[in-house]
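J.: Going by this note's numbering, the residue at position 86 of the sequence shown is 143; the numbering climbs one at a time, nothing skipped.
No lab work stands behind these hints, which were simulated from the structure alone. Hints are supplied without guarantee of correctness; some may be wrong.
[As the list claims (entries may be wrong)] Here are the computed lysine-lysine pairs in the BS3-like style, where the Cα-Cα straight-line distance is at most 27 Å:
| # | residue 1 | residue 2 |
| --- | --- | --- |
| 1 | K136 | K155 |
| 2 | K155 | K133 |
| 3 | K338 | K155 |
| 4 | K126 | K136 |
| 5 | K136 | K338 |
| 6 | K338 | K376 |
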Amino acid sequence: MTTDHNRRRILKASAGLMMPGVFGTIARAAAAAEAEDRILVVFEMSGGNDGLNTVVPYADDRYYRLRPKIGIRPDKVRKLDDRFGLNPGMAGFERLWKDGRLAIVHGCGYDNPSFSHFTSMAYLHTATPNSGDDYGWVGRLADAMSPAPVPNYLLNIDTAQSLAVRSRVHTPVVFDEPDRFVRSALHPTRALLDDVAVASTDNPSRRYLEQVAVSARESSLAVYTSDSIHGFLRDMERIGQADRVSLLIFSEFGRRVPENTSLGTDHGTANVMFFAGRQVKGGHYGTPSDLGALDAGDNLIHTTDFRSVYASAIDGWLKVGAADTILKGRFAPLPVFG
Numbered sequence: 058m059t060t061d062h063n064r065r066r067i068l069k070a071s072a073g074l075m076m077p078g079v080f081g082t083i084a085r086a087a088a089a090a091e092a093e094d095r096i097l098v099v100f101e102m103s104g105g106n107d108g109l110n111t112v113v114p115y116a117d118d119r120y121y122r123l124r125p126k127i128g129i130r131p132d133k134v135r136k137l138d139d140r141f142g143l144n145p146g147m148a149g150f151e152r153l154w155k156d157g158r159l160a161i162v163h164g165c166g167y168d169n170p171s172f173s174h175f176t177s178m179a180y181l182h183t184a185t186p187n188s189g190d191d192y193g194w195v196g197r198l199a200d201a202m203s204p205a206p207v208p209n210y211l212l213n214i215d216t217a218q219s220l221a222v223r224s225r226v227h228t229p230v231v232f233d234e235p236d237r238f239v240r241s242a243l244h245p246t247r248a249l250l251d252d253v254a255v256a257s258t259d260n261p262s263r264r265y266l267e268q269v270a271v272s273a274r275e276s277s278l279a280v281y282t283s284d285s286i287h288g289f290l291r292d293m294e295r296i297g298q299a300d301r302v303s304l305l306i307f308s309e310f311g312r313r314v315p316e317n318t319s320l321g322t323d324h325g326t327a328n329v330m331f332f333a334g335r336q337v338k339g340g341h342y343g344t345p346s347d348l349g350a351l352d353a354g355d356n357l358i359h360t361t362d363f364r365s366v367y368a369s370a371i372d373g374w375l376k377v378g379a380a381d382t383i384l385k386g387r388f389a390p391l392p393v394f395g
């Protein structure tokens, strides 16, 4: 799963949502812009990440009773504190945690959750579950920040346009070959192109948004994401843009708590979400779901509405001051940013 071919499949397997001035790649982050401009990168782990085997509650015996075969043993986890540890493959996130640049938001979800990948992703993309909303939360954010059309204001890295970036005002630019896009779009700016080339797919130290591939084993999604995000942020440091960039990382749902007979897990509900970056106040946020108080289907009960995470990005990081309007409701931001 670490071949060049599979690394280059990240943007086909997991959508990247970007907006100049709001969502950006390394190319955008390096572009000439005022230093105070902030960039939010939204990183989507498509496929339903297993949150319990990503952020492992190794001090809770109930975790091992419910997952006797696939539970990650205490001596294997990358311990964050006396309660939680990371999947042993997540060295990148461990380094971010130690640097105080990783925020873990526990128990994220919504009422009456869906177990369908398509439906759950639509809910996360619109931020209005069960509404049938035609526009995405990123699209509404773009409309709030720029009420008049601006060329190339929304960028969506994927094979097809995501519902998240569907906007009343703006027409997203959609592409799935970022290197080719950078070469064609930025070739007049030689210095910038040189910066991007140094941090391209040929540089083994840069694995920012290329190392994720949906694996047959659910935990691989988090492992590859960990290395990708850490590599991306190292590149932001290298080109002097680390203070401007923060990442929001999510998946459409978590996994059912008990392991199944195939030594895997079924579609579940509540999950962890993450913020990462130099300006992030690292630590735990929200209340972890109680392994002793599962719902009737043996799923975690959410304790944090996922839209509070979005509100933290909109008003806490980007300082838009319109999260209530964009998210169509009041969701208290978390104190992730100073």
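J.: Determine for every hint whether it applies to the structure shown.
T.: Verification of the hints:
no., hint, verdict
1, K136 to K155, "11 Å, holds"
2, K155 to K133, "18 Å, holds"
3, K338 to K155, "12 Å, holds"
4, K126 to K136, "20 Å, holds"
5, K136 to K338, "19 Å, holds"
6, K338 to K376, "16 Å, holds"
Every hint, counting from the list given before, is met by this structure.
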